[in-house]
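S.K.: Chain by chain, the residues:
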Amino acid sequence: MDIEFLSKLVKSVGVSGYEDEIAELTKSEMEKYTDSVEIDILGNVIGLKKGNGKGKIMLAAHMDEIGFVVSHIDKNGFIFVSPVGGINVKTLVGTRVIVHGKDKYYGVMGSMPPHVKKEEKELSIEDIFVDTGAKNKEEVLEKGIDIGSIITYEGDLKKLSGNRYTSKTMDDRIGVFILIETLKRVKSPYDVYFVATVQEEVGLRGAKVSGYKISPDIAIAIDVTLAMDVPDVKEHKMVTELGKGPAITVMDRSVIGNRKLNSFMEKIAEEEKIPLQRNILTRGGTDAGSIHLIKEGVVSTTLSIPTRFVHSPVECIDMGDVENAVKLLVKVLETETLGKNFCKTYF
Amino acid sequence: MLERFSNAVGISGYEDEVAELIKSEMEKYADSVEVDTLGNIIGLKKGNDKGKIMLAAHMDEIGLVITCVGKFLHFVPMGGIDPRILLGQEVIVVTEKGKYNGVIGAKPLHIQKPEERKKAIEIDDLVIDLGFPEDKIKEIVKKGDFAVVNVKFTELANDHVTGKALDNRICVYTVLETMKLLEETFCDIYFVATTQEEVGARGAKVSGYKIFPDIAVAIDATFGLSKDSKEDTFKLGKGPCIGLGPNISPKVFELLKKTAKKEKIPYQIEVLPGMSGTDAVSLQTVKSGTATGVVSIPLRYMHTPVETADLKDARNCAKLLKAFISSVDEKVLEGLKCF
Amino acid sequence: MLLKELSNANGISGFEDEVRDLIKPNIPSYRTDVLGNLISFEEGKGLKVILAAHMDEVGLIATNIDEDGYILFKKAGGIDDRVLMAKRVVIGKNKINGVIGSKPVHLLKKEDLKKVIEYNKLYIDIGAENKKDAGKLVKIGDPIYFATKFKENGYNFIGKALDDRVGCSIILDMLKKDFSFSLYGAFTVQEEVGLRGARVVAHDTNPDICIVLEGTFASDTPDIKEELQIPKFGEGPAVTIADRTVICDPKLVKFFKDTAEKNNIPYQIKRPFTGGTDAGAIHLTKRGIPSGVIALPSRYIHAPASIGNKEDYKNMKNLVYRILEKIESEKGDFYGH
Numbered sequence: 007m008d009i010e011f012l013s014k015l016v017k018s019v020g021v022s023g024y025e026d027e028i029a030e031l032t033k034s035e036m037e038k039y040t041d042s043v044e045i046d047i048l049g050n051v052i053g054l055k056k057g058n059g060k061g062k063i064m065l066a067a068h069m070d071e072i073g074f075v076v077s078h079i080d081k082n083g084f085i086f087v088s089p090v091g092g093i094n095v096k097t098l099v100g101t102r103v104i105v106h107g108k109d110k111y112y113g114v115m116g117s118m119p120p121h122v123k124k125e126e127k128e129l130s131i132e133d134i135f136v137d138t139g140a141k142n143k144e145e146v147l148e149k150g151i152d153i154g155s156i157i158t159y160e161g162d163l164k165k166l167s168g169n170r171y172t173s174k175t176m177d178d179r180i181g182v183f184i185l186i187e188t189l190k191r192v193k194s195p196y197d198v199y200f201v202a203t204v205q206e207e208v209g210l211r212g213a214k215v216s217g218y219k220i221s222p223d224i225a226i227a228i229d230v231t232l233a234m235d236v237p238d239v240k241e242h243k244m245v246t247e248l249g250k251g252p253a254i255t256v257m258d259r260s261v262i263g264n265r266k267l268n269s270f271m272e273k274i275a276e277e278e279k280i281p282l283q284r285n286i287l288t289r290g291g292t293d294a295g296s297i298h299l300i301k302e303g304v305v306s307t308t309l310s311i312p313t314r315f316v317h318s319p320v321e322c323i324d325m326g327d328v329e330n331a332v333k334l335l336v337k338v339l340e341t342e343t344l345g346k347n348f349c350k351t352y353f
Numbered sequence: 322m323l324e325r326f327s328n329a330v331g332i333s334g335y336e337d338e339v340a341e342l343i344k345s346e347m348e349k350y351a352d353s354v355e356v357d358t359l360g361n362i363i364g365l366k367k368g369n370d371k372g373k374i375m376l377a378a379h380m381d382e383i384g385l386v387i388t389c390v391g392k393f394l395h396f397v398p399m400g401g402i403d404p405r406i407l408l409g410q411e412v413i414v415v416t417e418k419g420k421y422n423g424v425i426g427a428k429p430l431h432i433q434k435p436e437e438r439k440k441a442i443e444i445d446d447l448v449i450d451l452g453f454p455e456d457k458i459k460e461i462v463k464k465g466d467f468a469v470v471n472v473k474f475t476e477l478a479n480d481h482v483t484g485k486a487l488d489n490r491i492c493v494y495t496v497l498e499t500m501k502l503l504e505e506t507f508c509d510i511y512f513v514a515t516t517q518e519e520v521g522a523r524g525a526k527v528s529g530y531k532i533f534p535d536i537a538v539a540i541d542a543t544f545g546l547s548k549d550s551k552e553d554t555f556k557l558g559k560g561p562c563i564g565l566g567p568n569i570s571p572k573v574f575e576l577l578k579k580t581a582k583k584e585k586i587p588y589q590i591e592v593l594p595g596m597s598g599t600d601a602v603s604l605q606t607v608k609s610g611t612a613t614g615v616v617s618i619p620l621r622y623m624h625t626p627v628e629t630a631d632l633k634d635a636r637n638c639a640k641l642l643k644a645f646i647s648s649v650d651e652k653v654l655e656g657l658k659c660f
Numbered sequence: 129m130l131l132k133e134l135s136n137a138n139g140i141s142g143f144e145d146e147v148r149d150l151i152k153p154n155i156p157s158y159r160t161d162v163l164g165n166l167i168s169f170e171e172g173k174g175l176k177v178i179l180a181a182h183m184d185e186v187g188l189i190a191t192n193i194d195e196d197g198y199i200l201f202k203k204a205g206g207i208d209d210r211v212l213m214a215k216r217v218v219i220g221k222n223k224i225n226g227v228i229g230s231k232p233v234h235l236l237k238k239e240d241l242k243k244v245i246e247y248n249k250l251y252i253d254i255g256a257e258n259k260k261d262a263g264k265l266v267k268i269g270d271p272i273y274f275a276t277k278f279k280e281n282g283y284n285f286i287g288k289a290l291d292d293r294v295g296c297s298i299i300l301d302m303l304k305k306d307f308s309f310s311l312y313g314a315f316t317v318q319e320e321v322g323l324r325g326a327r328v329v330a331h332d333t334n335p336d337i338c339i340v341l342e343g344t345f346a347s348d349t350p351d352i353k354e355e356l357q358i359p360k361f362g363e364g365p366a367v368t369i370a371d372r373t374v375i376c377d378p379k380l381v382k383f384f385k386d387t388a389e390k391n392n393i394p395y396q397i398k399r400p401f402t403g404g405t406d407a408g409a410i411h412l413t414k415r416g417i418p419s420g421v422i423a424l425p426s427r428y429i430h431a432p433a434s435i436g437n438k439e440d441y442k443n444m445k446n447l448v449y450r451i452l453e454k455i456e457s458e459k460g461d462f463y464g465h
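Residue numbers (this note's numbering), protein chains in the order written: chain A, 7 to 353; chain B, 322 to 660; chain C, 129 to 465.
No lab work stands behind these hints, which were simulated from the structure alone.
Because the structure is a prediction, the values reported are computed rather than measured.
Even glycine gets a Cβ: it sits at the ideal position worked out from N, Cα and C.
Treat the hints with care, as some may be off.
Here are the simulated PhoX-like cross-link-like pairs (lysine-lysine), alpha carbons at most 25 angstroms apart as the crow flies [to be verified]:
| hint | chain 1 | residue 1 | chain 2 | residue 2 |
| --- | --- | --- | --- | --- |
| 1 | C | K202 | C | K259 |
| 2 | A | K110 | A | K14 |
| 3 | B | K420 | B | K501 |
| 4 | A | K333 | B | K463 |
| 5 | A | K266 | B | K583 |
| 6 | C | K176 | C | K202 |
| 7 | C | K353 | A | K141 |
| 8 | A | K301 | B | K585 |
| 9 | C | K267 | B | K585 |
| 10 | A | K337 | A | K273 |
| 11 | B | K344 | B | K463 |
| 12 | B | K643 | B | K371 |
| 13 | C | K176 | A | K108 |
| 14 | A | K350 | A | K273 |
| 15 | C | K176 | B | K658 |
| 16 | A | K56 | C | K223 |
| 17 | C | K173 | B | K579 |
Label-pair restraints from in silico Cβ distances [unchecked claim]:
| hint | chain 1 | residue 1 | chain 2 | residue 2 | range |
| --- | --- | --- | --- | --- | --- |
| 18 | B | E436 | A | V239 | 22 to 30 angstroms |
| 19 | B | K608 | C | N248 | 47 to 55 angstroms |
| 20 | A | D162 | B | I432 | 50 to 58 angstroms |
Produce the entire structure from the sequences given, and follow the hints as far as they go.
M.R.: Here is the structure:
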């Protein structure tokens, strides 16, 4: 596994709607292994590895990360923000961020000190501000920072004990990583579209238009899911656990995983001795949510990597789960009977 | 037929059993029946090929999805459920190995503290008990299997009926009754038992795209007047409710109302100022749009094991739909886009 | 100014007839679709541009008449319940006058003043004796509007439904001009209940670029914190970078800003990730359509009386015109097409 590349992926900038940098990185890597790569109207990166034309499979992993945009700069140079995607306000105070203007500028997130406020109420995004050290508004504006400029979490990929790693934006750069690893290894009889989608965090948007363009027979979204195997969580609330394999989606808020496809993949996992968990989420969605409802419907599911502390700057994963996810996808894509069961165009 | 429909199991995404049942019934009256990508059952009764009318009634019911298997089964709801109704309720757990009877347990009075009984139950407090030893349970049940309430359909007084899943099996039944009544029609009529309505009218979206009808009528359940629900509800036995609002084409509304008056079919009017919360939400914005209608059957105690309806409303609804379909001609079709 | 008639015209989501009928004679040709969208099309060469504004306003709808002849209602679109107390309304096609009743202060207890009365506890008095009497004038399902009449002076205008009759008004002005590219003017329905009309218009017309003209909120009022006060009343039309439903195409956004700057038109940036518009539905149609939004910042939208600034309106109209003019002069080389 190319950990160096993963490191580049997680550091790369790409808040929903502003994915240029990560798109460029992904495109140039994809070009090494695909027959063609294009970027569509919304910015999705679509790589195609042609097969025998017996069916179209779409793999989707989203490039965008959660972050912020500047909504106001006060006269003292403090920056107020609007969240992009689902931000957990509790994780913000004391976080290091990067404000993107003419260059990348460091900042820290602070909030109004609690004892100064009149009433005790829950911390909201409106109480948060970014301190770049600037003394006044002009100093900020000079750096090319204005309303609409983006702000991302700061952080590097760090190795933890064993095979575990932590970083910002494992959601969903680990998915993009799996996309590329699968691309490198697979030799499939089908036309496989490797799609790094945009704007998933703000409503599964990129997948909708790229899915329409491709009109696949089968789609598998690759994302992260919650691993709540931490202290004081009862077994039935854990969702998934680190190190027990990737997880296939039974249901989340956006999609009920196609049961025939799920059984098919579980059977292959069993034959290949690849550990696989089942994922049930009552909140949150994935690109499969958009794709399965395109046109006359697409057989879809999601394969997810169990991740601790999702949507925080310190998401944790187990590389063993990642390797197993790649192995499973490669095997599924190379299985002849996949087309026989699901692709209308097969015969 | 309604009894079989109500007793059959099929929650959103797992409609297999009830789908099979509906398909075999439809095959008796339709020219052709097919199943699409999301599992919708689409029956076609050909007319004179002059236009397309789609009647949609969802076949999925609400239920429980098993999240953790141990001595007891933990679960989360599929669709909207008031957790308090589950306490002490019998359930059926459906697995690959078969169906098993279980109970959602309730602590007996004798060992409860008085304050406990004042606290409302939440989903997290509940588990399903199959009464088997743990290793046997782990053999037969897997995470992702589902459960429904174990309630058998039965008749009450006065043509009333009660059973699980009357939302929306009574409407599927109504659509099939409409099929039986139909003679020759101007348009091609599509009868669709849709999937996954309870989680966002998803089946309707893709079947609507496939068919792309000129007129699409969603038949669903609405709130019935009962002792504790007097606002925003409709009396049982006073006829089906014709929906009025932005999610409904004013032309379709007028035609339904006119037809009901002409055929002397009792009806009520249901004002829906926003979206209707039915398959019509998805159907209206398919491609370049369809002219939608919503016809609902009043149901008491919706989304509980004791859903109650009046068969007279179902019969009148079928009569209304049949007469409506018969009155759609060239003029009506042309007028749909005239504003 | 047609804006006056447009603001006074009544049309809640699903019942836009009066607004539609007002617009029709003012456009050269049009068609309507099955949801009631009104679409005008001027064929040209090269690019297909769509200007969209919604015809529907927020209002109420009659759900029941009680035994004493009072009308009960539900809300159609997003309205803060608190603006409803003691307001004048107009009901249905026949414009029956009514009032949303409110208990006199003399009869209230001190704690009552602290409570919010929800819409389902409010009622409308049309002066009827009883249910039968009221039934002669009002039907279940009749739309109900605020009785606000449009007024203007040299500086501003006050009216209902500035969101989005200002957009409709500006599109009408643009349709009077001649452009060489293909231009759709789309007067959409049901935006306030979920961007419904726009969704099907986009599917049918398949434009290359979409520009949505809207009425948005102006945040410079005393109850809003200083750092959240954008956009402001009187500081120019607001260009959207992103709202809750769309992240506007960055190339289009830059194009709008550059055009404003080159022509010395003041403009603002709308507060990011707030509100929603037809662009949300349009930009995700089929393979995606690059979309942008320009809006008039008005105070108190979604309430009986909004205020718009005349300079802002003039500047918005001018900005839209300059943008279309620039698209015309690029002659198909615009935007990489």
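S.K.: Would the pair K266(A) and K583(B) pass a check requiring their Cα atoms to be no farther apart than 25 angstroms?
M.R.: 48 angstroms, violated
S.K.: With a cut-off of 25 angstroms on the C-alpha distance, tell me whether K176(C) and K202(C) pass.
M.R.: Since the Cα atoms of K176(C) and K202(C) sit roughly 40 angstroms apart, the hinted pair is violated (cutoff 25 angstroms).
S.K.: So if I understand the rule, the pair passes when the alpha-carbon distance is 25 angstroms or less; does K337(A) with K273(A) pass?
M.R.: 11 angstroms, holds
S.K.: Holds or violated: K110(A) and K14(A), Cα atoms, limit 25 angstroms.
M.R.: 16 angstroms, holds
S.K.: What's the verdict on K333(A) and K463(B), does the C-alpha distance respect the 25 angstroms limit or exceed it?
M.R.: 24 angstroms, holds
S.K.: Is it true that the CA of K301(A) sits at most 25 angstroms from the CA of K585(B)?
M.R.: 40 angstroms, violated
S.K.: Given the proposed pairing of K643(B) with K371(B), does the C-alpha separation stay at or below 25 angstroms?
M.R.: Judged against 25 angstroms, a Cα distance of about 17 angstroms means the pair holds.
S.K.: Would you mind confirming whether the straight-line C-alpha gap from K56(A) to K223(C) stays at or under 25 angstroms?
M.R.: 64 angstroms, violated
S.K.: Would the hint linking K176(C) and K108(A) be met if the CA-CA limit is 25 angstroms?
M.R.: Violated, because 34 angstroms separates the two Cα atoms, which is more than 25 angstroms.
S.K.: Given the proposed pairing of K202(C) with K259(C), does the C-alpha separation stay at or below 25 angstroms?
M.R.: At roughly 18 angstroms apart (the allowed maximum being 25 angstroms), K259(C) and K202(C) satisfy the hint.
S.K.: Run the distance test for K344(B) versus K463(B): straight-line Cα separation, threshold 25 angstroms.
M.R.: This hinted pair is violated, its Cα atoms lying about 28 angstroms apart.
S.K.: Given the proposed pairing of K420(B) with K501(B), does the C-alpha separation stay at or below 25 angstroms?
M.R.: Answer violated: K420(B) to K501(B) is near 33 angstroms, above 25 angstroms.
Of the hints listed earlier, those the structure fails to meet are numbers 3, 5, 6, 8, 11, 13, 16, 17 and 19, in rising order.
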